[in-house]
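Following the hints, put chain A in place on chain H, whose structure we already have.
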Amino acid sequence: MDKRDPFRHNVLTSGHRACSGCGEAMAARMVSDLIGPDAIYINATGCLQVFTTHNQQSAWQAPWIHSVFANAAAVASGIEAALRISGKETPVVVQAGDGGTFDIGLQCLSGMIERGHDILFVCYDNEAYMNTGVQRSSSTPHAVRTSTSPPGRLSQGKHQLKKDVISIMAAHHMPYAATATVAYFPDLKAKVEKAMGIKGPRFLQVLSPCPLGWVHDSALSVTVSRLAVETGLFPLVELEHGELTGVMRLAEQRPVDEYLRPQGRFKHLFNSKNGAIELRHLQALADARIRRYGLLDAETEWDTDRAMQSERHGRGGYCERRSHGS
Amino acid sequence: MAAKLEIEPGSSNAYHTGEWRTQQPVYQNKWPPCSQICPASEDIQAWLALASAEQWQAAWHKLTERNPFPATMGRICYHACESACNRKHLDSAVNIHAMERYLGDMAIAQGWRHRSFCDDAQPERVAIVGAGPAGLSCAFQLARHGYSVTIFDDQAEAGGTLHSAIPDYRLPKSVLANEIDAILALGIELRLNSRIGEAVSESDLLDQYDAVFLAIGTQQPRLNPYNNGAEKARSNHSVMSGLEFLHRLNRGEELEIPRQVAVVGGGNTAMDVARCVRRLGAEVTVICAQDPHGTHHHELGTEMPASLTEVVEAEAEGVQLIYRAGVHRLVRSGDHLSGIEIAHVDRVHDRHGNFNPILFDGTEEFVAAELVIFAIGQESDWRGLEVLQKTTEADGVWVGGDAVSKSKLAAAAVGSGYRAAMSMMARLKGDAVIPDEHKKRKITYREMQLHYYAKQPRLEGEMNPERLDGFKEVVKGLVDDDSARHEAKRCLSCGVCFECDNCWHFCPDAAVIKIAGGYRIDYDYCKGCGICAEECPCGHIDMGNVS
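From first to last, the protein sequence lines are chains H and A. Adding 3 to a residue's 1-based position in the first sequence gives its number in the numbering used here. Adding 3 to a residue's 1-based position in the second sequence gives its number in the numbering used here.
Calculated directly from the structure, the hints in this document are not laboratory data. Watch out, some of these pointers could steer you wrong.
Here are the computed lysine-lysine pairs in the BS3-like style, where the Cα-Cα straight-line distance is at most 30 Å [unchecked claim]: (1) H/Lys166 to H/Lys197; (2) A/Lys411 to A/Lys479; (3) H/Lys192 to A/Lys492; (4) H/Lys91 to H/Lys202; (5) A/Lys458 to H/Lys192; (6) H/Lys91 to H/Lys197; (7) H/Lys197 to H/Lys6; (8) H/Lys192 to H/Lys166; (9) H/Lys197 to A/Lys458.
In isolation and in its complexed conformation, chain H is listed as follows:
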């Protein structure tokens, strides 16, 4: 067991094989440390499963099981039912990528919610099939270059739009569905803690930048995820029983250019006439999402500035200080 850190369990410990600067590893470490080691983690196939359990070496310091791509929610449903029958209250958490959520795992997920299992389903959304070589998924945003949506004479990257999965989840009238991202740890922490306090199916979509697939500097993972929110392209929202109950207000709306420029997957848009149209399209998409969720004028507890503020001695971490050597 890794007990290096007296202030954190490190449920997802060091030595995993994620790429340098991986947003998904960051998000999974945050989420699993907020939930703690006393939970059962079910992992769909995907980057997270591949890089955390390599060559018989597991990076998980908690009970963890790998399912196939499609059935993580179904496996979790069975585990949850067995725990319920044996009278145990161990939390059950599913972790899946956008492939295991938006595409391949969608029907099992829908069934899990419909049956009302007491499970938190976390989707680490890095917007493509990254570990198999950056193929498009239904989560890939419009106009993105992937290996299966290459830009060229007739194409400016992916033709279709990003699937609005949070609305699909909310349409199940599930108790809690929310979006979050790594750049705003206090917000992510509040959402995980809220989700863990609710009984029934819960869903969390965490935007997780991928330096490899998004083609940005590995140091910029947090910056890019912050800009996704500040431009309005990735609204941070909470939906309870289908109703919008919370949004992160934007202190200032940034132009989408600021988000797109550091990322190589949008590079083709910046040197062509057709690309310029798509840039305007992406800006219009951001504007539409801002209008839809009222991101500029919603009355909220905090906004993107206040959620970021650094304070001396931090703003609270994962758990109480552990005693050494326990």
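Here is chain A on its own, set in the frame of chain H:
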């Protein structure tokens, strides 16, 4: 026998991803710009951090490590620290001088005592000539390290220029006296009215003491160009030097000032003189050879040397300023001065950098004045110190303060006293001079992530509404602990970790370990992605080559 799996799972900790690294983060304290520019090298960030935690006394101790005059400097220093403050790129600079004053005033009110570093007395004795900020600062450092110190001063009061030339509306005498008393309480012997060459001879000084620090300041006004021959004889009541004027005022003399006064000079002394003259009820015009602030971008010698706040406050009090003008001649009818003739100044300094203005013919104007005060600089008075003047540090004699300083700032004098004390102690102990631990890499706002900080308004000390009624203090301090804490919390802590947890939260590899009082990087696993350095608000983390 328990069933054994053919392949037993292990922990990924066995695999050291640190081997992938091509660059690596390093925690590195930087030197914030405020401290970089502070002539007294105060560790401003450190004492503001303590003040933000309401550890007021600890903050005062930290501050006085370098500067035993916080209440004084908080009032009179021109706070270059605030012009350098990185926070001005976010909203506005931290009000450092008000914080310094707040701590200094609190120390006086609470009667806090300076701490001594060692209980054992050192055998060596040190003599200091001049009880101004440089001399007292040097004595303070030496006494705290156990040396026996004697200060000689030819004046009747300690404080040097701080006492004799700073008007009461900027620095009440009681504030200075309290801070000097706290320094002397460390066991420093002060001998007033003791001019070297009269009370004690130069050779006695060299023989009886192991080291001497000359901090004689600049008490000799630079001669005005009309100080010769016939003019000198009749100019007693109509021409004066700024220093003489301030000395007499500070001694409590009742000065008879005519209705109209001209002050020649563009420095802070000229501003002090002009504002005092206003308080005595006269109209005053300042003749300044340079251009006003903001006309040139720090081109040396083209803008007036006085501090901008002084100029703004002087103008608010009704002081008239005439820029780019020099005195052509004094206009007299008989012995009575009726005014001065000024002319446009073309070039201020000659090519050797000396003050040598060229006046253009045909641009003359008349400024009515019955008294003209020249505040055009001052020099050291080396009379009686001819032998010591020729000695060096090798002979055990150090020189500091305004006598050798270009800026002539009180804070610079304090800093030079500190450095002299350190160098003396190193010499007396036979060590090499300890390099100043404060000299670290500077940090600019570009290396910081300002979006991690909240915008917060700057709090100011209030202005006294009855400021021209006598010599009452013009600026009041911060009102209470809450405002002081608010202002201290505005410090960005440039380049110095304030434990915000960003690196710890954001490391995808759990390679940042939080420990009591900070963090450490586990290089076995750090992949060198650079996120911690990118997201560090204060620029504390550097990315370097793999060692």
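Structure-based check of each hint:
{"no.": "1", "hint": "H/Lys166 to H/Lys197", "in the structure": "holds, 25 Å"}
{"no.": "2", "hint": "A/Lys411 to A/Lys479", "in the structure": "holds, 25 Å"}
{"no.": "3", "hint": "H/Lys192 to A/Lys492", "in the structure": "holds, 25 Å"}
{"no.": "4", "hint": "H/Lys91 to H/Lys202", "in the structure": "holds, 14 Å"}
{"no.": "5", "hint": "A/Lys458 to H/Lys192", "in the structure": "holds, 24 Å"}
{"no.": "6", "hint": "H/Lys91 to H/Lys197", "in the structure": "holds, 21 Å"}
{"no.": "7", "hint": "H/Lys197 to H/Lys6", "in the structure": "holds, 27 Å"}
{"no.": "8", "hint": "H/Lys192 to H/Lys166", "in the structure": "holds, 25 Å"}
{"no.": "9", "hint": "H/Lys197 to A/Lys458", "in the structure": "holds, 29 Å"}
Violated hints: none; the structure is consistent with every hint.
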